[in-house]
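A.B. asks: In case you want the letters, here they are:
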Amino acid sequence: GENVEQHPSTLSVQEGDSAVIKCTYSDSASNYFPWYKQELGKRPQLIIDIRSNVGEKKDQRIAVTLNKTAKHFSLHITETQPEDSAVYFCAASGEGGSGNTGKLIFGQGTTLQVKP
Amino acid sequence: EPEVTQTPSHQVTQMGQEVILRCVPISNHLYFYWYRQILGQKVEFLVSFYNNEISEKSEIFDDQFSVERPDGSNFTLKIRSTKLEDSAMYFCASSAYRAVSYNEQFFGPGTRLTVL
Chain A
5 GENVEQHPST LSVQEGDSAV IKCTYSDSAS NYFPWYKQEL GKRPQLIIDI RSNVGEKKDQ
65 RIAVTLNKTA KHFSLHITET QPEDSAVYFC AASGEGGSGN TGKLIFGQGT TLQVKP
Chain B
3 EPEVTQTPSH QVTQMGQEVI LRCVPISNHL YFYWYRQILG QKVEFLVSFY NNEISEKSEI
63 FDDQFSVERP DGSNFTLKIR STKLEDSAMY FCASSAYRAV SYNEQFFGPG TRLTVL
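Quick mapping for you: the protein sequence lines, in order, are chains A and B.
Numbering-wise, our numbering puts 22 at position 18 of the first sequence, and it's gapless, one number per residue.
Numbering-wise, our numbering puts 63 at position 61 of the second sequence, and it's gapless, one number per residue.
Worth flagging that the hints you see were computed from the coordinates, not collected in a lab.
No false leads were mixed into what you were given.
Okay, derived cross-link-like pairs now, DSS-like style, lysine-lysine, Cα gap no bigger than 30 Å in a straight line:
| hint | chain 1 | residue 1 | chain 2 | residue 2 |
| --- | --- | --- | --- | --- |
| 1 | A | 75 | A | 41 |
| 2 | B | 44 | A | 61 |
| 3 | A | 72 | B | 59 |
| 4 | A | 26 | A | 72 |
| 5 | B | 44 | A | 72 |
| 6 | A | 46 | B | 80 |
| 7 | A | 46 | B | 85 |
| 8 | B | 44 | A | 41 |
| 9 | B | 59 | A | 26 |
| 10 | A | 26 | A | 61 |
| 11 | B | 59 | A | 41 |
| 12 | A | 26 | B | 44 |
| 13 | B | 44 | A | 75 |
| 14 | A | 46 | B | 44 |
| 15 | A | 41 | B | 80 |
| 16 | B | 44 | A | 62 |
| 17 | A | 75 | B | 59 |
| 18 | A | 46 | B | 59 |
| 19 | B | 44 | A | 119 |
| 20 | B | 44 | B | 59 |
Predicted model, so just to flag it, every value in this text is computed and none were measured.
Using the sequences plus the hints, can you model the full thing?
C.D. replies: Next comes the structure, spelled out in structure tokens:
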């Protein structure tokens with residue numbers, strides 16, 4: 005079945021450093037890849053997404069890259085700040101099965117800690 | 003900005019009891035989802051719903067689960083006979099289009115279900 009693997013499970017960086025989180029997906033038909041930030045006890049919030057017709061997308065300090073051939077996509081956060089500390093989830097649109105329901109298959113999450 | 007809302011925020015129930023979790027999706031959205039997140043784990047897809055019927059369901063969504071859109075605004079998840087392992091945070095999400103097309107899924111704040 006569809007699967008998304010995410011690494012690392014925890015990541016600790018100094019304020020101002022960059023952070024990179026990587027995901028791989030199994031369903032080659034997937035073509036939508038969002039990243040969600042989840043603070044403790046709160047809802048997942050979409051921070052950036054990418055569709056398969058582009059290889060890279062940037063929004064201020066956040067960027068996502070996609071390699072469809074290798075079925076990899078990555079989140080890059082530059083100039084990290086303490087408020088970036090949270091759990092980050094990658095996801096892929098699960099297009100397997102009959103029809104296209106838009107379900108998201110999530111990775112296991114990365115706990116990012118930014119030390120001041 | 004419109005948001006997905008969920009009630010209650012926390013539900014405590016005894017094993018074997020029925021629970022109904024309620025969601026109000028964003029008003030012009032057409033696709034509705036339920037996900038769950040066991041404490042400390044990843045977000046897992048349960049079911050997608052469109053045009054008053056289930057589009058897709060996961061293995062988790064067995065015959066103890068059901069969904070309904072009883073009126074034009076609410077979207078409910080019912081668990082008929084709760085088990086201890088149903089304890090989790092349940093998130094409702096909605097989107098205007100299927101994720102692959104153009105629009106993101108917006109998540110509600112979640113209902114924390116505790117089964118004793």
